[in-house]
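Chains A and B, in that order, give the protein sequences.
Heads up, the first sequence is in our numbering, so the first residue is 1 and it goes up one at a time.
Heads up, the second sequence is in our numbering, so the first residue is 1 and it goes up one at a time.
Check the hints yourself; a few may be wrong.
[Said to hold, decoys possible] Derived lysine-lysine pairs resembling DSBU-like cross-links, with alpha carbons at most 35 Å apart: (1) B:K57 - A:K73; (2) B:K11 - A:K116; (3) A:K116 - B:K57; (4) A:K113 - B:K11.
In case anyone wonders, no lab produced these hints; they're calculated from the structure.
Listed here are the chains, written in short residue letters.
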Amino acid sequence: AQKITQTQPGMFVQEKEAVTLDCTYDTSDPSYGLFWYKQPSSGEMIFLIYQGSYDQQNATEGRYSLNFQKARKSANLVISASQLGDSAMYFCAMREVPIVYSGAGSYQLTFGKGTKLSVIP
Amino acid sequence: GAGVSQSPRYKVAKRGQDVALRCDPISGHVSLFWYQQALGQGPEFLTYFQNEAQLDKSGLPSDRFFAERPEGSVSTLKIQRTQQEDSAVYLCASSLEEVRDRTPNEQFFGPGTRLTVL
Numbered sequence: 001a002q003k004i005t006q007t008q009p010g011m012f013v014q015e016k017e018a019v020t021l022d023c024t025y026d027t028s029d030p031s032y033g034l035f036w037y038k039q040p041s042s043g044e045m046i047f048l049i050y051q052g053s054y055d056q057q058n059a060t061e062g063r064y065s066l067n068f069q070k071a072r073k074s075a076n077l078v079i080s081a082s083q084l085g086d087s088a089m090y091f092c093a094m095r096e097v098p099i100v101y102s103g104a105g106s107y108q109l110t111f112g113k114g115t116k117l118s119v120i121p
Numbered sequence: 001g002a003g004v005s006q007s008p009r010y011k012v013a014k015r016g017q018d019v020a021l022r023c024d025p026i027s028g029h030v031s032l033f034w035y036q037q038a039l040g041q042g043p044e045f046l047t048y049f050q051n052e053a054q055l056d057k058s059g060l061p062s063d064r065f066f067a068e069r070p071e072g073s074v075s076t077l078k079i080q081r082t083q084q085e086d087s088a089v090y091l092c093a094s095s096l097e098e099v100r101d102r103t104p105n106e107q108f109f110g111p112g113t114r115l116t117v118l
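Okay, chain A solo, but in the shape it has when bound (with noise of 0.2 Å):
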């Protein structure tokens, strides 16, 4: 079983300074994927960044990046330089990655809570 922790159910960030949003997470499987997802007012759940559990870089895109420590089970999103427009929920994911894909895995995502970002200008 998989299990996704976000402890920080809102937080505050004044525009063009950075956040750190938490996330740990729990799981049996060997090989496994975190991701993270912004979900506007709108509804729709927008993938943000990927970290591989065998990657050996933390992962980043544009102003996103993951802090991630395989030891202590945790895959924190940084958002760097906040825009009003990243104000919104953001979810923290997981599913397992195969080490050998067998053609009818499932691999749903396991998601957190959520975390409700305010940037306030």
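Following the hints, complete the assembly by docking chain B onto the known chain A.
Then chain B, alone, in the frame of chain A:
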């Protein structure tokens, strides 16, 4: 190109009514997932299709929930005899076929259907 679309965007049902929620995945996407997102919570997995085959329905909360994807493209999630606890946003996601080890394909989400059961 077009993303994942869902209809209706909003649905209000009286308790006991049957509802049908539609998902149009991205063309060519083999995998299709349904998730349920209760208010203030993260999405929770309901069921998974690979083409027309429903390979995993372990997340369906009761036998009142039924999903199908008869031709491997459009999918319908049906809820019979709706209850107030069924009120949630129902999200559909699709992705390409997983063919490479340790390289997951991105799941593309639709805008969701907000179901309110009175």
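Now for the hints, and whether the structure bears them out:
no.	hint	in the structure
1	B:K57 - A:K73	28 Å, holds
2	B:K11 - A:K116	25 Å, holds
3	A:K116 - B:K57	30 Å, holds
4	A:K113 - B:K11	24 Å, holds
Hint compliance for this structure: no hint is broken.
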